[in-house]
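The lines below spell out each chain.
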Amino acid sequence: MSGAKGKSTPPVVKDSVRRGWRPLGASGDTALVPQARMSGPMPWLIAIMVAITVVAAAGALALGNMAASTSASIEGGVTVQVLEPDESERSRQVELLLPALQGLAGVVSVRRVPQEELDALVEPWLGEEAVEGGNVPIPAMVDIRLRGEPSSAAIDRIEQVIAPLAPDARVDAQASWLGPVFDAVESLRWMALALIVMLAAATSAAVLLAARTAINAHRDTIEVVHMLGGTDGQIARVFQRSIALDAAGGGAIGLAVALLTILALGLRFAGLGDGLAGQATLEWNDWLALAAVPIVGVFLAMATARFSVMRALGKML
Amino acid sequence: MTTASEDEIVRFDNVGLRYGTGKEVLSDVSFSLYPGRFYFLTGASGAGKTSLLKLLYLAQRPSRGAISMFGQDAITLPRDRLPGYRRRIGTVFQNFRLLQHLSAFDNVALPLRVAGVAEKDLRKPVGDMLEWVGLADRVDARPATLSGGEQQRVAIARAVIGRPDMLVADEPTGNVDPDMAVKLMRLFEALGRLGTAVVVATHDLHLLRKVPDSLIMRLDKGKLSDPTGALRYPPRKGLSA
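One line per chain: the protein sequences are H and P, in this order. The letter at position 46 of the first sequence is residue 46 when you use the UniProt record's numbering, and the numbering goes up by one with no holes. The letter at position 20 of the second sequence is residue 20 when you use the UniProt record's numbering, and the numbering goes up by one with no holes.
Think of the hints as simulated: they come from the structure by calculation, not from any bench. Possibly wrong hints are sitting among the right ones.
What the hints assert, rightly or not - Sample of chain P residues facing chain H (criterion: CB under 7 Å; computed from the structure):
1. Pro-83
2. Arg-87
3. Gln-94
4. Arg-97
5. Leu-99
6. Leu-110
7. Leu-205
8. Pro-234
9. Arg-236
Said to hold, decoys possible - FRET-style restraints, in silico, Cβ to Cβ:
10. Arg-268(H) to Glu-119(P): 29 to 37 Å
11. Asp-80(P) to Val-296(H): 25 to 33 Å
12. Ala-256(H) to Phe-70(P): 52 to 60 Å
13. Leu-209(H) to Ser-45(P): 36 to 44 Å
14. Ala-136(P) to Leu-260(H): 50 to 58 Å
15. Glu-119(P) to Asn-65(H): 49 to 57 Å
16. Asp-183(H) to Asp-80(P): 49 to 57 Å
Claimed, not checked - Stretch by stretch, here's where chain P covers chain H in the computed footprint (C-beta under 8 Å, at least three residues):
17. 219–227
18. 230–242
Being a predicted model, the structure only gives us computed values, none of them experimental. Glycine is no exception: its CB is placed at the ideal position from the N, C-alpha and C atoms.
All chains should be modelled from the sequences, with the hints used to inform the complete structure.
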């Protein structure tokens, strides 16, 4: 104690700064526990979880958009097919149907589907020759828009109106033949949601396990910090900060991988044309939601780490 | 239960301690600690010295009896209030328990950091304290590179830097030469003059003579002998053995 020569009072801190009744600062917390990283593979585990979650969420959002878009385009739609084989009679029946349908209650619009549209619809299946030559009789179609979803009563009313005018005509609510498709899409969306929930649970479990391992590895240090007056919150902050860094790094990698996957899948789906699959697109707000996945992941991991660390510390004196 | 008098900072009444279902390692321990007094805790190995120190630095709760610390019932003290009380206690552990990932400076600064002291406010006192214990040239050294005696001095500096109301030291001179042991006693005495109650567990009976006004707490098989009652009502300074 060479430096103590000539001094009778040890250089202890002043009353104003001792005992720590001031609010606890976080500035010195990082040094409390040595490199309290959860464990080596944690960022990679989080990267994988985030990547799968983002792809699953993108699928769910795209399917949702597809269903919404298709649903909007066929909302209140009823199609009348005039099946009369004779072309002139068919046209005559359609001309009679149009004003009769327009006068029905609940009908917003009635439109004869132009022949060009019908030809374009069947041409891929029947070929150009069959369509242009008129060798194959193509039913005439009348597109009706009703106010709201078409009820069976509304369909019955339409059938009663057209029966005397076009005996061979058939009436279909557009939603009815797309119903099974919507049901399948809805099932897929629920599956995606379940997958996301399971991934979140798996991530939390992994963080929980890693936090426990880290606490056990640093138990002696934690005890000393406790004995020096360190609070559970201060110690938990060290672990939280560590898992936040792991989760942020892993989340960024996972998001990048997922975005590349989504873009690649998007290019594949774009090749399917303008049909139902072509409407499975992502809007800008969907991209924002996907970008938020790693951020939510960071908070989830931090909350789990804090919960598990505080719980473990609570068992110590 | 007897109530604590105004000036005693610690009061034990018939305190017993057992670990699990084993037999009591401390039985009917009763004493008081007063500010500025120096206490030596002696006894053979296994007498319960370390257990008693653990109760003092709040690392253990007793199995029975009553403990009052700084005017509060320490038995029922909620867990979230323990840190505030521990910051008033400086502890020198028997095996130092320095944090191996921190330098000597950071180890000594630790009690201040956990108490939320700003970096600018702790640099000077920590530097001065390291100089005081003769380690001014070892501030950046990690514990693994320090000798046993140097580690012990860092541990002592860490215990006293926050000017605790009570200092609890378990064999603080075990790893240092006799001259350094006396110097450390002088440090503890100086702290006592600032009002700190100092409790030093030691086997070294020669050390007892170095602090004339000290009181002896002698443990034998978990029982504290206090035939004169001095540990409850200490004589005025200058009159004690």
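Cross-check of the supplied hints:
The beta carbon of Pro-83(P) is positioned within 7 Å of a beta carbon in chain H (closest approach about 5 Å), and the interface hint is therefore held. The criterion of a C-beta within 7 Å of any C-beta in chain H is met by Arg-87(P), whose closest approach is roughly 3 Å, and the hint holds. Of the supplied interface hints, the one on Gln-94(P) is violated, with its beta-carbon coming no nearer than about 13 Å to a beta-carbon of chain H, more than 7 Å. Given hint, Arg-97(P) at the interface with chain H, holds; its Cβ is 5 Å from that chain's nearest Cβ, closer than 7 Å.
Given hint, Leu-99(P) at the interface with chain H, holds; its Cβ is 6 Å from that chain's nearest Cβ, closer than 7 Å. Taking 7 Å as the C-beta contact cut-off toward chain H, the hint placing Leu-110(P) at the interface holds, the least distance being around 6 Å. Here the hint on Leu-205(P) is broken, as its CB sits about 23 Å from the closest CB of chain H, past 7 Å. For Pro-234(P), the suggested interface contact is broken, since its CB lies about 23 Å from the closest CB of chain H, more than 7 Å.
This hint is violated: Arg-236(P) has a C-beta 22 Å from the nearest C-beta of chain H, more than the 7 Å allowed. Roughly 56 Å separates the CB atoms of Arg-268(H) and Glu-119(P), a value that falls outside the hinted 29 to 37 Å. Our hint of 25 to 33 Å for Asp-80(P) and Val-296(H) holds, since their Cβ atoms are close to 30 Å apart. The hinted range of 52 to 60 Å is satisfied by Ala-256(H) and Phe-70(P), whose Cβ atoms lie roughly 56 Å apart.
With their beta carbons about 41 Å apart, Leu-209(H) and Ser-45(P) fall inside the hinted range of 36 to 44 Å. Distance hint for Ala-136(P) and Leu-260(H): a CB-CB separation of about 57 Å, consistent with the stated range 50 to 58 Å. At about 53 Å, the beta-carbon gap between Glu-119(P) and Asn-65(H) stays in the expected band of 49 to 57 Å. A hinted range of 49 to 57 Å for the beta carbons of Asp-183(H) and Asp-80(P) is consistent with their spacing of about 54 Å.
Counting residues of the region 219–227 of chain H whose beta carbon lies closer than 8 Å to any beta carbon of chain P gives 7, which meets the minimum of three for the stated coverage. With 4 residues bearing a CB less than 8 Å from a CB of chain P, the region 230–242 of chain H meets the requirement of three and the coverage assertion stands.
Going through the hint list in order, the structure does not satisfy hints 3, 7, 8, 9 and 10.
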